[in-house]
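Visitor: Okay, here's what each chain looks like letter by letter:
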Amino acid sequence: MSGGLLTALAAITLTFFALRLAAGDPVASLLSQGLTTPEQAETVRRSLGYHLPILQQYLFFLGNLVRGDLGVSLYSGQPVSAIIGSQLASTLQLALVSLAIALPLGILLGSASSWKSRPAAQRSATTLSGLATSLPVATTGVISLLIVSLLARGQVRGVQLWLPALVLGFAASGPFARAVHSGLESTLSSPFILAAKARGLNRTRRMYWHALRPALPAAIALIALEAAFLFAGAVVTETVFSRPGLGRTLVSSILQADFPVAQGIVALAAVLYVGSQVVADGLGWILDPRLREGR
Amino acid sequence: MGRRLAIIWLVAITGIALLAPWLSLNPPGQSLFEPLAPPGNGLPLGADALGRDFLARMMYGARLSLLLTGLAVTVTLILGGLAGFSAAIVGGRFESGVNWLSNVLLAIPGLLLAMLFVAAWGPGIAAVVLAVGIGFAPSFGRVTRTIVAKLMGEGYVMAAQASGGNSLWITSRHLLPNSLPQLASYAGTYVAWAFLGVTTLTFLGLAGDPSIPEWGALLDSSRLHLQSAPRLAAAPALAITLTVLAVHAIAKKDPLA
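Protein chains in written order, with my numbering: chain A, 1 to 295; chain B, 1 to 257.
FYI, nobody ran anything at the bench for these hints, they're computed from the structure. Treat each hint with caution, since some may be false.
As the list claims (entries may be wrong) - Here are some of the chain A residues that sit facing chain B, going by a computed Cβ distance under 10 Å:
id : residue
1  : A8
2  : A11
3  : Q40
4  : T43
5  : V44
6  : V137
7  : I143
8  : L150
9  : F229
10 : V266
11 : G282
To be verified - The calculated label-pair distances, taken between Cβ atoms and stated as ranges, are:
id : chain 1 : residue 1 : chain 2 : residue 2 : range
12 : A       : L92       : B       : P38       : 53 to 63 Å
13 : A       : L92       : B       : N178      : 14 to 24 Å
14 : A       : T43       : B       : L32       : 45 to 55 Å
15 : A       : Q93       : B       : G122      : 30 to 40 Å
16 : A       : E185      : B       : L67       : 39 to 49 Å
17 : A       : T43       : B       : I78       : 38 to 48 Å
18 : A       : S190      : B       : L82       : 40 to 50 Å
19 : B       : P181      : A       : L161      : 46 to 56 Å
20 : A       : S190      : B       : I78       : 57 to 67 Å
21 : A       : Q40       : B       : P38       : 49 to 59 Å
From the three backbone atoms N, C-alpha and C, an ideal C-beta is built for every residue, glycine too.
In isolation and in its complexed conformation, chain A is listed as follows (with noise of 0.2 Å):
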């Protein structure tokens, strides 16, 4: 816990430090777009605090970040706490849809990947969670949005939540997959899963009552990795399907250089990375008594 949140901290300061110290000025890029004038552009870097010395800066920085304020954008003004909130809930929503989607079907794939009886099925779902993990999201939500609209010849429903869950979802289910097919090639060969079949189990309930069990806490855990996947999936999905959250926001800020903007998103993402770790730890606590009594 106290290490995730070190990681956070370190995740945070280089944010701030890449953007300050390769980009130099942010002001700059302000005036050489003749947005302000050299008086002007003054007063904005002395109420940004850019005229401090940047250790000075970071400890500012960070005593702000405490409290919650994450500075203002250089080009609405706006404060920068105040546009993630507006564009947080459409890619949570965007992510958790995702999510939902992602955790049945990389556990359906993940195990028929492991039906030994049907090739065919065996194959095809070896073939798909292998799509899954190695597709680009760009392409892949671009080739649905192009079977959809000529499907749908001009009236297109659904792009704006379900098309880009489906492609996100899909993306993000390899790795759910890839655990539980791994975590179950090695139970369905233990000596419990022996003792299931010799006591007359069928075969579906010796994978998914017996066999599956010990393999979700691994499945699990990687809820921690998929949060900070499906939020750089979200950066694709959500200018792809052209829908507001704070993907796109971030791809704007790096495009107009609103540099506290871009650093406040990416932070987020650090931090909600770290916090979806521990959350993970836990759930596999829950799931798996073996982590429990420590052994």
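Mind docking chain B on chain A? Use the hints.
Guide: Okay, now just chain B, sitting in the frame of chain A:
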């Protein structure tokens, strides 16, 4: 995708990339035709929204996409390789420092990390290449360190150390030749990731110039004409998909597995 098919596809697009100026019938940047002209009449894929030969743009796109991918992978392999080798060889506090830094960097997904660097440098092609290269370097650094650290425990390396070989000698004589085959088997996945990273960032418009003939950028600009000219989006989408699948089919090991 079968390995043979994958090799054929990759050889084909590499050939097209190299020979693009001779293979294409029209220059990729000039508006010579009706906007969105349908396929036919020396225009196998028709023209784009600005009346440019789309097949020519796809061919030059292969050139740019593959070149940028190659450059980005080189950055990843050099940075990650250097960090991994030096961490494993020097050991001690330096090693734990490098490990810690890579853990921090891995806390941000590769794509977001790359976007962070583009944000710092401002959009542009060079920024995309460097950002993607750096974005995946922590992961390759970790793979390298694990492989080299394992070699460091081998008997022949310890024998070389005991007989007074300095670390430069041990690296060039033992560690490098013995780790290269393993590293190479992972490299394929990094090629796939770099390709994915480059096309994704250009798709998001982070190369700065939306008119460059590059597959990600072509996919992006074609999105506006999904209804009227679906072929414009289908061609780059298909090219990107096939390339990713082909590289994965050839790559032997996946660092995540």
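Visitor: If a hint holds in the structure, say so; if it doesn't, say that too.
Guide: Now the hints, each set against the structure:
no.	hint	verdict
1	A8	7 Å, holds
2	A11	5 Å, holds
3	Q40	22 Å, violated
4	T43	24 Å, violated
5	V44	19 Å, violated
6	V137	8 Å, holds
7	I143	5 Å, holds
8	L150	6 Å, holds
9	F229	6 Å, holds
10	V266	5 Å, holds
11	G282	19 Å, violated
12	A:L92 x B:P38: 53 to 63 Å	43 Å, violated
13	A:L92 x B:N178: 14 to 24 Å	48 Å, violated
14	A:T43 x B:L32: 45 to 55 Å	51 Å, holds
15	A:Q93 x B:G122: 30 to 40 Å	32 Å, holds
16	A:E185 x B:L67: 39 to 49 Å	40 Å, holds
17	A:T43 x B:I78: 38 to 48 Å	44 Å, holds
18	A:S190 x B:L82: 40 to 50 Å	43 Å, holds
19	B:P181 x A:L161: 46 to 56 Å	47 Å, holds
20	A:S190 x B:I78: 57 to 67 Å	44 Å, violated
21	A:Q40 x B:P38: 49 to 59 Å	52 Å, holds
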